[in-house]
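**Q** Protein chains in written order, with the working numbering: chain A, 1 to 993; chain B, 1 to 91; chain C, 1 to 207.
Read the hints as simulated data drawn from the structure, not as lab findings.
Certain hints may be false.
[As the list claims (entries may be wrong)] Below, computed lysine-lysine pairings styled on BS3-like, alpha-carbon distance capped at 25 Å: (1) Lys65(B) with Lys284(A); (2) Lys509(A) with Lys646(A); (3) Lys91(C) with Lys798(A).
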Amino acid sequence: MAGAQTNRLDKGGLIDRSAPLNFRFDGKSFSGFQGDTLASALVANGVKLVGRSFKYHRPRGILTAGSEEPNALVELRTGARREPNTKATTAELYEGLEAASQNRWPSLAFDVMSVNQLFSPIFVAGFYYKTFMWPAKFWEAIYEPAIRRAAGLGRAAGVADPDHYDKAWAHCDVLIAGSGPAGLSAALAAGRSGARVIVCEEDFTLGGRLLSDGGTVDGLPASEWLSRTLAELAAMPDVRIMTRTTLFGVYDGGTYGALERVNDHLPSPPEHQVRQRLWRIVAKRCVVAAGAIERPIVFAGNDTPGVMMASAMRSYISRYAATPAKRMALFTNNEDGWRTVETALAAGLQIAAVIDARADISPAHRSLASKGGFPVLHGAVSGIDGGKDGVRKIAVSLTGGARAEVETDGLAVSGGWNPTVGLTSYHRGRPKWRDDIAAFVPDGAPPGMVAAGAANGAFGLGACLREGFDAGAVAARDAGRSGTAGSVPVADDQAFSLTPLWHIAGKGKAFVDQQHDVTASDIELAQREGFESVEHLKRYTTLGMATDQGKTSNVAGLAIMAAVTGRSIPETGTTIYRPPYVPVAIGAFAGHHRDETFHATRLTPSHHWAAEQGAIFVDTGLWKRAQWYPRAGEKDWLESVTREVKAVRSGVGFCDVSTLGKIDVHGPDAGAFLDRVYINTFSNLAVGKARYGLMLREDGIVYDDGTTSRLAEDHYFLTTTTAKAGLVMQHLEFCRQVLFPELDVQLTSVSDQWAQFSIAGPKTRDLLKEIVDPTEDLSNEGFPFMGAREVALRGGIKARLFRISFSGEMAFEISVPARYGEAMARNLMLAGKQFGVTPYGTEALGVMRIEKGHVAGPELSGTTTAADLGLGKMMSTKKDYIGRVMAGREALVAPDRQVVVGIKPTDRARRLRSGAHIIPKGQTPGPGNDQGYVTSVCFSPTSDQWIGLALVERGRERIGEIVHAHDPIRGEDYDVELCNPVFYDPDGGRQRG
Amino acid sequence: MRITCPFCGERELGEFTYLGDAKPVRPAADAGEDAVYDYVYLRDNIAGVMSENWYHGGGCRAWLKVTRNTLTHEISAVEPAAGAGAAKVGA
Amino acid sequence: MAEFSWDIRSPLDRALVAGPHGARGDAGVSLTEIRNFDLVQVMARRGKAADVAKAAKARFGVAAPETPKAVGAADAMLIWSGPDQFMVLSKGGKHGIEALGQAFASSASLSDQSHARVLISIAGTKARTMLAKLSSIDLHPDVFAVGSAAATSMDHTSVTLWRGNDRPDGQAVFNLLAFATFAESLWHTVLDSAAEYGVTISHSEEL
């Protein structure tokens, strides 16, 4: 049974008391209400201690009520959904929520590692750098694991995330970050002007500080104005309000990143729904109305549970009807902090004292104090007496030197407000300092962006409404909308006076960055050791480098550094601001692209038929290709592949080669165009003929190869390798549009239009005769080697037939329109049944091309020339072509280049492996005698041994020489003989027969 | 980043592929090795406004000449390559 | 002699399961695959834009699109696909590659794409919301009105997207041509994106 909500007010707050929710924290049951955050529910239940700190394991409580929280980080949920470092201050309460405190062992109340505090003199800034430097090998083995156990925050789930994420685009005229008074006012002005508006609010409730601070707008209580405004906005069809959505970054060209926590407020997302969605928002204008963050004052013990930001204290009291303290004290250096006193008194709470660092306070506050019966002390808090159960007493240094003590159970602190300058500074902008509010404000912003309201340093309600409204109206106008914005919402401006105060010297640890346990003395130490630049300060102390990115600590850190170096704060400067504003899960960036859908997949037209045959598929770029077709009883892939090769060499087989890039090259200048992109000539290719072509890069290195056929006077059909299909298309378009615009040529990818099969083996013609219309002449005379033409198939459809061979066998490639691809595979099986037709995969294809000495990807490696591949004779001397001049450079025609040669092991039983280095026989391997490497290997069923291709220095002159293969990766050394790369049918009789 | 394709309108970066400096012009066939060497290898590393080749491969497949400031990513002009839209040549 | 059957199979033949998908209740998205169409890419040759325009007008009775638009003719749809080029989508062979070869004989290069693409028609109250997950372009009705077309990318795949005539109930209709070998992969992405709104799936032979 959940405990009573001891610290919940009887009435008030934006919680739904009719909707109680049960939850567990560290295994203990509690209850809260709909509308609570985990933090507000813990406050309502009187829980003060929620975690242990990063380095010293100090007890920590809740400091803030928003996404700037450094301390109240928990592991939310359990099992696969467990998420570490979740801010209790933004986690919405739901029925059955389970959270656990972090960084403590064995329990939160008794943490063994808190002994670190006793050793704290050694855990100073730069400690790791100084202490664990030697011996170097100890780092990985001993130091790092030990440090990682001792320090650090939550634990990752360690198993795959069961939830789904997605990504979406949105477009608008005016994007508004924040739904406080400035944001809503901007939305009103822009929306009424006719603009398409998107408002992103990270909270689950709209209104920003209006929800906690109230006030009067247009003569109405803030809550009434809020509902009236939201109703007006809801009625505008092109105004979109997105709650639970944080605008986290701005990118070039008016593109913004936002994270929508679609279902983080539920135990698990409803069926078919995502947990989070990443938005890319394209906006013509952006109004940053992201408000400001109240900043702490650094004093000894300022991290004690129960010390809380003043604005957070009043949020808990007024928005959540939860009381962090019964008799609180306030420590402020500004007017705004007093609003917490007003809120507390209105809620019937007591005030122990107000410690105000300013010399003067207003008469109104003085009379508030006398009415409330509490003292106002001029001075500063210098220490805290308290611990894991909270604050007991505070020590005060009074102006003039005297000391005082105040008994209290909670301390509200206000050191002033820092405008949220992240978004406006993400394009390397540097905010500027304003003395009147002692804070950095935006100084310009990325194109199209403007800050308004508290984010721009305007802290009064009236000013926020005015600035927001003006910004919204201007943004709409700039985006081309000309409607009437109407009248601006009106409210009074509160006075804001502040005496800057950053750090009170005293005994005990005074924390600047509570999440990373960086103290004021760490900053002083960094300065003494010479790390004075803010970028050095940040990295040496890790100030601002935790998951909160120093939202509550950076400016105080700069101020302390400024004080110890005798510079001003603006002279000290800020570090560079970078997105994201809040942590974004990798899952959200990945969206749909994970596991099987990590990338898009391409399927060949016969894919499902091959799957029916039990094919094993291999990922080749985006493609799934049939690698081999195992049969019952075959013990491994090699047995299947060997069978497939033998079946082709002795009978007939077929393979889906649709993955080759296929490009229609049309136009009167198509031949001239191909002459410029290939090293050999195509303009003289006869219609009805195919030719092997080789392309170079402009630097003379081989780019791609393939067979290109001339189907008509002005129509060539070009093929590329599978790997380079897209790149070759891009390259050809570059040649057509940029290099040779004078040529009349048109290019179209037809890769997806045609299902293409290679049919190979001595019985190929027999099989084809079964399937091709009997009127077609397939004889050697009627359809000679390298012939290419359209043929009719039995049953009425037309195909393209090419007499080309990659296997060295008598072979054709046949293309049918892709939707007939599966039927083609079935019909080939049917027609070839009597000849024992065998489907083969990419492995057998590879074996046969190595046997035939054809080069492929491993040889077209981006380092080889045409001559290296044995294709130098193809280089035309009668025309210019891409890569011609550079291919003639000295080093590219040097006689000692590594060229393609065949290899076979001297021990016939030995297996070869690609990657082995070739060195002269009898020498000790070393960089000085490395003469090349093995590029492709296979077990050749035809030779009944392993064979391979290698790139070897002067290889073609050394046929017959025994060299040494050295494979240090696998620890293998053996001798191989250099041989003719064409192992199979070297005179080519079979493919021409 | 967003690029306004002269044919398609404004599109996101993901539809485009960057190639590089659009200034170098491919030398004539008889220009000699030095000229081709310059064309292939020598590039100015411009911190500022530069003319670049971009391919709208995820869209209309036009090659574009984009004038971009490499410091700010501001794009001040986008023109089609000479051979994109050549059907209107002489019209 | 074996009897061959030349079954024509859409690339979505296996993946498409007609009926409801995803969230129950009224489907927010309807997906209809249109099968067995003729699609010809028409690319004007150098300096021949005017000739192509004239030939298109003579053949179809409407001007071919010169900007990203889809133009409906009596028995074909002309869809802009890039500078100097458009696609002719039709049924029954009347405007197939062979028929059009005559019409554009000297002015354009033609490439048959009938088998290279799948055509998916997307409608429903949540169609635009769902498409925002796939498409980076702005499909707001003021920006992407009836007849607008785009050569763009979805899920890292090139697609042609155009807005057809609204349905009788006023719902917008988005037509998507995607490459055939990517079809199954893209289809699963579409289903993933649409599942939360409830989907009704069908296929049709009608354009």
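**Q** With reference to the structure, classify each hint as holding or not holding.
**A** Right, here's what the structure says about each hint:
The straight-line distance between the Cα atoms of Lys65(B) and Lys284(A) is roughly 24 Å, inside the 25 Å bound, and the hint therefore holds. At most 25 Å may separate the alpha-carbon atoms for a hinted pair to count; Lys509(A) and Lys646(A) exceed this at roughly 80 Å. Of the supplied pair hints, the one linking Lys91(C) and Lys798(A) holds, its CA atoms being roughly 19 Å apart against a limit of 25 Å.
When each numbered hint is compared with the structure, a violation occurs for hint 2 only.
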